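Protein chains in written order, with this note's numbering: chain L, 1 to 531; chain B, 1 to 588; chain R, 1 to 349.
For the record, the hints were derived by calculation from the structure and aren't laboratory data.
Treat the hints with caution; some may be incorrect.
Here are the simulated BS3-like cross-link-like pairs (lysine-lysine), alpha carbons at most 27 Å apart as the crow flies [what the hints assert, rightly or not]:
| id | chain 1 | residue 1 | chain 2 | residue 2 |
| --- | --- | --- | --- | --- |
| 1 | B | Lys528 | R | Lys175 |
| 2 | L | Lys41 | B | Lys302 |
| 3 | B | Lys295 | R | Lys177 |
| 4 | L | Lys310 | R | Lys55 |
| 5 | R | Lys11 | B | Lys295 |
| 6 | B | Lys295 | R | Lys248 |
| 7 | R | Lys209 | R | Lys269 |
| 8 | R | Lys209 | B | Lys487 |
| 9 | R | Lys11 | L | Lys438 |
| 10 | R | Lys175 | L | Lys364 |
| 11 | L | Lys34 | B | Lys487 |
| 12 | R | Lys134 | L | Lys438 |
| 13 | B | Lys470 | R | Lys269 |
On a predicted model such as this, the values are computed, not experimentally measured, just so you know.
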Amino acid sequence: MTNSIREIEGMEVLFIIGSNTKETHPVIANRMIKAFRKGAKIIVADPRRVPMTKFSELYLPLRPGTDVALLNGMAKVISDEGLRNDDFIRDKTEGYEAWKDAVRDFTPERVSRITGVAKDDIIRAARIYGASRTAGIFYTMGITQHTCGTDNVKAIANLATLTGNIGRPHTGVNPLRGQNNVQGASDAACAPNVFPGYQKVDDPAVRKKFEEAWGVTLPPKPGLTTTEMINAAADGRLKALYIMGENPVLTDPNQHHTIKALQDLEFLVVQDIFMTETAKYAHVVLPAACSYEKEGTFTNTDRRVQRVRKAVNPPGDAWDDLSIIMALSRHLGYPMEYRSPELVFEEFRRLWPALSGISYERIKSRGIAWPCPAPDHPGTEFLYKDGFPKGRVPFVPVEYREPAEVTSDEYPFVLTTGRNLYQYHSGSMTRRVEPIEKRAGKAYAEINEADAVRLEIRDGGKVKVRSKRGVIEISARISAMVPPGTIFIPMHYAEAAANVITNDALDPTVKIPELKVCAVQVAAADKSSGE
Amino acid sequence: MIIRVCMGPAGIAAGGKQVLDAFNAELGRTQVAAKVLENCSSHQVGCLGLCARDVLVEVHRDGTKTVYQYVKPDMVARIVQEHLIGGKVVKDWLVDAAYDSFYRKQVKVVLADCGRIDPESIDAYESVKGYEAARDVLASRTPEEIIEEIKMSGLRGRGGAGFPTGLKWELGRKAKSDVKYIICNADEGDPGAFMDRAVIEGSPHAVIEGMIIGAYAIQAGHGYVYIRAEYPLAVERLRMALDQARSRGYLGKGIFRSKFDFDIKIKLGAGAFVCGEETALIASIEGQRGMPRPKPPFPVNKGLWQKPTVINNVETLANIPHIIRNGCGWYAGFGTERSRGTKVFALTGKIKNPGLIEVPMGITLREIIEEIGGGIESGKPFKAVQTGGPSGGCIPASMMDITMDYEALAKAGSIVGSGGMIVLDADDCMVNVAKYFVQFTQAESCGKCVPCRVGTKRLLETLERITSGKGSPNDIELLEELSGGIKSLSLCGLGQTAPNPVLSTIKYFRDEYDAHIRDRKCPAKVCKGLLTYSIDAAKCKACGSCLKACPSGAVSGEKKKPHKIDPAKCVRCGACFDVCKFGAVERE
Amino acid sequence: MAMVTITINGKALTVPDNLTVMEAANRHGIAIPNLCRHPQLTPFGGCRLCVVEVKGLPRPIASCTTPVTEGMEVTTMTPRLEEHRRFVLELILSDHPNDCMTCQATGSCQLQELAYTYGVKGERYPGERRIYSKRDGNPFIERDLEKCILCGRCVKICDEVQGVEAIDFGYRGFKAKITTPFEDDLDCEFCGQCVSVCPTGALTGKLWKGKGRYEGVRETETVCPYCGTGCNITVHARNNEIIRISSKPWAWNEGLLCVKGRFGYPFVKSPERLTKPLIRRASGNFEETSWTAALEYVSAWLKKIREERGPDAIGGLSSARCTNEENYLFQKLLRAGVGTNNVDHCARL
């Protein structure tokens, strides 16, 4: 997020696209509702009529995977109608003219044809967002989990750049992070191309700094991403995998492929708190502590580094992950010894200037948002106050591309996946919470009533949902949330895992899989053929 | 010669149709040339005459009007014979002097047109100078002039609180906002009160005209009438009247060819007493549960949808056109120094002539009870009158010469209120009366604030204890303590005034409380729990009717022997007392 | 913003004109008793405990709803006001179970605390008490309406902050109560904001029952382990067991949590938790082993593959669920210890 969560309350316009905020980030939604109570206008763009639409001035029901068209279309209206921020464009950006040329064809009429959103609503949305200078954009995986995920993000950036809605309080672009410490894991460089603090591994100067700090020679070539590692395992290039607290069998697309890849490994070690679907394929399983059982820090979606504290002891002989990693390092002949997590953090902040002003002592009672370059720096609530990292913000023209898989006569439905309010991710925690299971313990596929009637599917009845990659049997939930032709399945349920059927096609730049769109067929279970 | 037979609802109920037919038949038989007409027939409106004397028949002969009362069909022949043919008035059946004073003591302003004109016709309203005031105001007067006129008239809110209307409008006028509202409060909820209903059913255009003038004075573009859904006829007539006014350009864009836009919507209330409280009423219009909001901020600054809002009662608004037409001086000519004009009261209870009356402020209670009301129906002593409904209090017979105005009633521990006036006689138990009203306010409390929700419950329980014979000597003190707390601490007017019936009955009829508590007796013989039934053996004829009537098997007795009542089995229903033809059942 | 000068208890204060009397008093360290006021919600004005006297006004006014005005002279504490407050408390307690011995809220109950402060037992105005036998069948939130004082906080937070409107006032008079549509079981998002603002024991977590209140309970301030919002939570634990999770109103998330954050902790005590290192034997079954054996085994395999295939035949997947320190060390292990950049986590999933 370029803004802090607290700033949401002061926003004038909130444009939420590809985020079911009310269910996936409920407490951020609280802030949005508070903004709404103060008179903020909310625009929601989502294939599903998500709960936040209750508070929206305008709801744009776009077809899955057509975000670029919608965003370009809105931007064109803003540009054409003079709602753009000319001062900002002149002083802070580059490439406007070329970009303007590139969106020439995104007329409201054409965009309406692509997205299915009414022409007037596209114009209205553009006017609401374009007229405000205190507007925030919010998105999550609905934007990123596409083969055009990078383009989607760029199109959002263009929209904010065009109106200058960035770099000021209550004004910015806000991807909402899905897991408690995605931000921190990224910051700490659990990523194949960077060292901690987003410092490139292929930059010799950077590498030298880390080699000196760590006392070893470091590999210069970027490594593989998660999905690439799974592919590499399947084709024999990767032989061993060490998984700490992940469950790719449930969370990665195309489950059959993932399982086969794990089975092809010579050695798999999984470190987790439960015997997850992934751990079942491991050669060694190491018992870890959960968040309530250890000390450390998390960095949340608004870049706030906050203290995690131990409330109870881990069960039995389970160790916290830090102790396990340190013990393993000794066995591997590269002993890493730290008397406390704080000393690890101290090393981390020495190597990354954005963190260098933050210490355990300073965040004893309140977290601090990075960048925080000095011990007396208050932290950074919103980014780009003093300008942009590369000087000028570039307009990056993006073209609309169809999703990797489109519907056909054989697979006439679009499947989109996501989370619900109660369960969390692969469910290893929430599915072991009794009240949550009572409330939301059953897998389901949302289907529009019109489709259900046509296919003789009744509410609660079993259906088979099949893609080119696999088939699952699941209960139907007739719901007005999804439009005709679209099916939604939450990802949490191992017994009817959405990722058996999802597409593992990747975004070419950041290698994110297209979990939000694939083509499927749906039939009442007793009628479906071929099983 | 013209004969007018009262065919209003009361007239019909008393046999008006039969009397009318009898006249037609008798005139046909005797070949007398006279026309028989109906009085107040077509409009389904109470004529507000002396309906208690129905069937009333007017005979117009030689330019004089003669009125007969209690006319029955069998009296028709003699009236035709002696009066119409013979020219001699039938003195036996004439209305008496009380009939005259009934009319003489009243001044009809708000009710002037009710029953006189067809309420469903805008032409009828315009034929009695309707909309002249509004037309004049829109054409040639400033809001400030109107506000000044109303201030000078001394008109005060007729809904109960008596806040000066001109001042309220002035505050509304001064409130700065692009949007303002005027609301007509027609959520009449006091038990037994029907003033507002009568006005809307009888002359809906007068209310609309009042709202137009008020809206112009405060410069409000939107009006609401918040009216009880239980008044279907009033709602229907109001709707009709609004359509008519709209079609003539009196509502909508540029009304009366001016540049001023104003229109009115109807909002139906669902029968919650508390919605008569203005902030609860506003919440209800907004679609919320009708719960009062704290004041300040006052509606005149932050009312409906947080915009400045003036709320006036039906009767208040219906006065406006008359004041504008006749001038503030004319209106101020009625009433007392600080309570100007007239007030409509709903006179009910143990009175001979119940109904709606309109009197100048400052009239004495005695004049209302004895001259307009015709005294107590049963002939028993007058005990008290309860004014102001559940928020008011009682005025005892000893204070009969009190003047009916805001100040005097407040001093006596009651209020003018919206105009309810319940007459009580010796058969009424004052503790029971207090209990009745507390029961009402407790049931109608919205539950928001503690003193009202729980406090009135404890008040009610204490009264129930006293009336069921379980009172303790501390109970009066307890009632006063609870009442004091509830009055001081309740959020809205409903709670703040809820203890008034209790406090005023304690003030004037403490002896009745004492009798209930100390002697375990209800002097008025109303409170069932304090009554004992017995049979006077000397009077009992052993007819067995009490035995049959008793639902609990408490009466025993054989043929030809005096019967007995077993007090242990007696449920004090009074069935034996009611059926005994010989007065043998005694109630103590 | 315009400023006004008012006096509270004889002290002249200059405050912004958009404050209520209570807010102005609180800002200057003057506390006024109340039960229905909550800083996150619009004022309600129902409990009447916060009444104060204002010079020139005939009756005491609720300080939580009355805006300050220039020259206002306020007194917050007089014998009469204290008598009023005692009166209100007597009435509330006259219709309250007063079963503090077994009540979940004991010790954290605002009503109990006020009763204690004022020495009110609720015996002055005895009378009927509301009895509700029906219990709500939802799995998360215990609603004991007999303890409800109708302060309206739950209704307001559900509407104003959560935007759900699952509950509202129903019925009239003494029978007024907070109810769901048609009195069905609660059907909502189960965020428990209502529970967190309830000043009595009317709303509690079903999971909490009998687990502990204050004695022997240790509170730990930490961060929620679920989504990326990073809500600050307080973990209440007794005898090494989490018994409840709450959030402090002064945390940046203002005490707001969601159903997972507030009620999603029992997995910690699941019997399915892994408690011993496991090694897969030739039979294909897992067998419990010691840490030393397990770590030996893992390092032997990794060394073998590194030697045979090079370090890039090894990969590591770290977790967005682990701490910064763990993630930092994990990638350091892979890069510096193993010698590969094949390290990633699930940011994309």
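Results for each hint:
The hinted pair formed by B:Lys528 and R:Lys175 meets the criterion: a straight-line CA distance of about 26 Å does not exceed 27 Å. The hinted pair formed by L:Lys41 and B:Lys302 meets the criterion: a straight-line CA distance of about 23 Å does not exceed 27 Å. For the proposed pair B:Lys295 and R:Lys177, the alpha carbon gap of about 24 Å is at most 27 Å, so the pair holds. Among the hinted pairs, L:Lys310 with R:Lys55 is inconsistent with the structure: their alpha-carbon atoms are about 54 Å apart, more than 27 Å.
Annotation: proposed proximity of R:Lys11 to B:Lys295 holds, straight-line Cα distance about 25 Å (limit 27 Å). Under the criterion of a C-alpha separation no larger than 27 Å, the hint pairing B:Lys295 with R:Lys248 is inconsistent with the structure, at around 32 Å. Of the pairs offered as hints, the one joining R:Lys209 and R:Lys269 holds, with about 16 Å between alpha carbons and a cut-off of 27 Å not exceeded. A threshold of 27 Å between alpha carbons decides the hint, and for R:Lys209 with B:Lys487 the separation of about 40 Å lies outside it, so the pair is violated.
Between R:Lys11 and L:Lys438 the CA atoms are separated by roughly 56 Å; this puts the pair beyond 27 Å, and the hint is violated. Restraint check for R:Lys175 and L:Lys364: not satisfied, since their Cα atoms lie roughly 48 Å apart, outside the 27 Å limit. With a C-alpha separation of about 36 Å, the suggested pair L:Lys34 and B:Lys487 falls outside the 27 Å cut-off, and the hint is violated. The hinted pair formed by R:Lys134 and L:Lys438 meets the criterion: a straight-line CA distance of about 20 Å does not exceed 27 Å.
For the proposed pair B:Lys470 and R:Lys269, the alpha carbon gap of about 58 Å is over 27 Å, so the pair is violated.
The structure fails hints 4, 6, 8, 9, 10, 11 and 13 (numbered hints given earlier, in ascending order).
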